[in-house]
Amino acid sequence: MSPTRQPPKPRLATVWLAGCSGCHMSFLDLDEWLLELAERVEVVYSPLASDAKTYPESVDICLVEGAVANGDNLAMARILRQRTRVVVAFGDCAISANVSGLRNPWADGAGDSAATVLERAYGELAEAEGLAPPDGVVVPRLLERVLPLHAVIPVEVWLPGCPPSPARIRLVLEALLEGERPRLEGPQGLRFG
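The sequence shown begins at 0 in numbering that gives the first Met the number 0 and counts up one residue at a time.
Keep in mind that the hints were calculated from the coordinates and are not lab data.
All figures in this text were calculated on a predicted structure; none of them were measured in a lab.
Glycine included, every Cβ here is placed at the ideal spot set by N, Cα and C.
Each hint should be verified, as a subset may be incorrect.
Now the in silico label distances, taken between C-beta atoms and shown as ranges [unchecked claim]: (1) R180 - R4: 27 to 37 Å; (2) E38 - P104: 39 to 49 Å; (3) G122 - L27: 35 to 45 Å; (4) D30 - R4: 25 to 35 Å; (5) G122 - G178: 51 to 61 Å; (6) G122 - E143: 17 to 27 Å.
Sequences are here, hints too, so could you generate the full structure?
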């Protein structure tokens, strides 16, 4: 008799764009449940648990923390969308740009908040002149405006919170792993901040 072959584990990734890492820290606060999760999924990409430099193919679920603020964020968002079945906007920055988007009101008449912010940081407030990094060399080229994730790619699930509580993260992941649509309802499930 041949051994029963187990179906492959769902492939899980987490990505950190323009955010503070608070959502990933909340993810780590899942504590002992992380051990159960590790038995149920294969973590294929994450700033927390992977040395992978390239986002892999055939990812089942990806939690995406942070807004899209620069060219590197935009490229990563597009790649992960092509390679992921279910994209989760993980936290308020991914959902609404939140704190990362605070530079947006500084947009000049042309709508470019990046130029205004860079001039303020490296021109007006710098102690020495000429210290601005070359455009796109040291610091990735900033987009004109910081965008929520759904403004650049389709998103299947929104997981609000700044950061989302570990209980809310677990609720979403358990539903997705059971092949169900997460049900975030009421103040505990839908509250931002």
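Here's how the hints hold up against the structure:
no.	hint	verdict
1	R180 - R4: 27 to 37 Å	29 Å, holds
2	E38 - P104: 39 to 49 Å	46 Å, holds
3	G122 - L27: 35 to 45 Å	38 Å, holds
4	D30 - R4: 25 to 35 Å	32 Å, holds
5	G122 - G178: 51 to 61 Å	53 Å, holds
6	G122 - E143: 17 to 27 Å	18 Å, holds
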